[in-house]
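Visitor: Fit chain B to the given chain A structure using the hints.
There are 2 protein chains.
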Amino acid sequence: MAGGRHGRLFLVPAPLDFGCEPQSPLQDVLPDATIRAAARLQHWVCENAKTTRAYLKRVDVVTPLAHPLQQMQLQELPREVHKKGDHLGEFDARGLLAPALDGHDVGLVSEAGMPAIADPGASVVRAAHQLGLEVVPLVGPISLMLVLAASGLNGQNFAFVGYLPQDPAARAARVRELERLALSTGQTQLFIETPYRNAAMLQTLLQALAPSTRVAIGSGLTLPQARVQCHAVRDWRESGVFADKHTPAVFAIGR
Amino acid sequence: MAGGRHGRLFLVPAPLDFGCEPQSPLQDVLPDATIRAAARLQHWVCENAKTTRAYLKRVDVVTPLAHPLQQMQLQELPREVHKKGDHLGEFDARGLLAPALDGHDVGLVSEAGMPAIADPGASVVRAAHQLGLEVVPLVGPISLMLVLAASGLNGQNFAFVGYLPQDPAARAARVRELERLALSTGQTQLFIETPYRNAAMLQTLLQALAPSTRVAIGSGLTLPQARVQCHAVRDWRESGVFADKHTPAVFAIGR
Chain A
352 MAGGRHGRLF
362 LVPAPLDFGC
372 EPQSPLQDVL
382 PDATIRAAAR
392 LQHWVCENAK
402 TTRAYLKRVD
412 VVTPLAHPLQ
422 QMQLQELPRE
432 VHKKGDHLGE
442 FDARGLLAPA
452 LDGHDVGLVS
462 EAGMPAIADP
472 GASVVRAAHQ
482 LGLEVVPLVG
492 PISLMLVLAA
502 SGLNGQNFAF
512 VGYLPQDPAA
522 RAARVRELER
532 LALSTGQTQL
542 FIETPYRNAA
552 MLQTLLQALA
562 PSTRVAIGSG
572 LTLPQARVQC
582 HAVRDWRESG
592 VFADKHTPAV
602 FAIGR
Chain B
352 MAGGRHGRLF
362 LVPAPLDFGC
372 EPQSPLQDVL
382 PDATIRAAAR
392 LQHWVCENAK
402 TTRAYLKRVD
412 VVTPLAHPLQ
422 QMQLQELPRE
432 VHKKGDHLGE
442 FDARGLLAPA
452 LDGHDVGLVS
462 EAGMPAIADP
472 GASVVRAAHQ
482 LGLEVVPLVG
492 PISLMLVLAA
502 SGLNGQNFAF
512 VGYLPQDPAA
522 RAARVRELER
532 LALSTGQTQL
542 FIETPYRNAA
552 MLQTLLQALA
562 PSTRVAIGSG
572 LTLPQARVQC
582 HAVRDWRESG
592 VFADKHTPAV
602 FAIGR
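Sequences listed follow chains A and B, in order. Numbering of the first sequence is given in the numbering used here, commencing with residue 352 and proceeding in unit increments. Numbering of the second sequence is given in the numbering used here, commencing with residue 352 and proceeding in unit increments.
Derived by calculation from the structure, the hints in this document are not laboratory data. For clarity, every value in this text was computed on a predicted model and none was experimentally measured. Just so it is clear, CB atoms sit at the ideal spot from N, CA and C, and this is done for glycine as well. Among the hints, erroneous ones may be present.
Stated by the list, open to error - Pairwise CB distance ranges (calculated): (1) A:597 - B:417: 29 to 39 Å; (2) A:586 - B:417: 33 to 43 Å; (3) B:376 - A:412: 37 to 47 Å.
Bound-form chain A, shown alone:
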């Protein structure tokens, strides 16, 4: 399904320091090929045009943009599909790929990390396949995988389940369900939470899980304050509990 005369869809990863100060040099977290590809593109589908411009200014510092920002086409994903916690958000995105049908390469970018992973964008990729466009995923940081690898939990069988319910009872029940799954199958269970709820999530885990179940928390990956901890629940209960209120965290449960 190579694109032929059509443009291709590039999946362009962004750094994980969205909203952080200071920000690391782009080339410390993105390979040259990713930065070069981003610098070439004129047509974008993005989560947020403003943050995409900020990202492209950082790209320009390393590799001059082939097209001035003013001449770029930045199309935002429909609001309703990129609210956090929306696990599907599917829509017909073929219209967003019109430039590719005209022969222009298009970049898909989210605010942080890899588009379409724990982030909106899958509908755009699906549309690309429907249109017979070549899809080119570029290398960049993916917080889920950095935390999984650094947790020491099983990385040969794992699942990411997105956000857990907010209702305390429903959340505790879901946590126990994930624990049953992790202990019975050995499949590490990963999920995420919005920063201001990190502490509450950790409390729920320490209350709901068995003492020997292992829990990992990672946040600030690729940043100076990067931290991944993994202990059995019993050890978490003894040791001081870490819960960064400001950084998005990735949680994992395993045996």
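Guide: For chain B alone, kept in the frame of chain A given last:
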């Protein structure tokens, strides 16, 4: 759990072009910070010492190694834990981290991609946490995530289940089980296969799955021959079937 006077454990990703010719420049697939970290390390835990030396020679081209190869300590993971298809391979790896207890940073590296993800190494990371060492995951290519993002399948709820059974009947049953899971929960199911079985795996999928179920296959990610296809089973059956006999492939089932 910062390492204090102890060394840290760095998770060092490797390119995905293991065994391929020609190989891409390292800086096209690894960020500068990853290459610099790899160039600094003298102590390594690896899947294979020979391929690790070949990797370090590529690092040296970009950033001169701080220590000559002859003075590096390369410890291999025990054979039995890194045979492919071994989904746990857990062992007490604390002995391998002795250099870290002496204050030396240690690198964990596998033959391709991110250590401890769809690869051995989790036991070493677990041992690091047991010893109170800081674990630092570095950014690099992860074929599973490149294929997932490029598939257009749900990336907000997904699972990687490793290898499927080799026995045809057991494999078909497992494939149907994964399809039930994917269709009922929306959780994309990822798995891998050894290259010479790619064609057989695809045949099994096209025979076992429902016409509307979507199947993605990706191989050669980050290489010139990189290719990710995703179609409904009915369309796979019509279109010519792609199955690279030489490159490891990532498969995904979704709705």
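Visitor: Output the indices of the hints that this structure fails to meet, ascending.
Guide: Of the numbered hints, just 3 does not hold.
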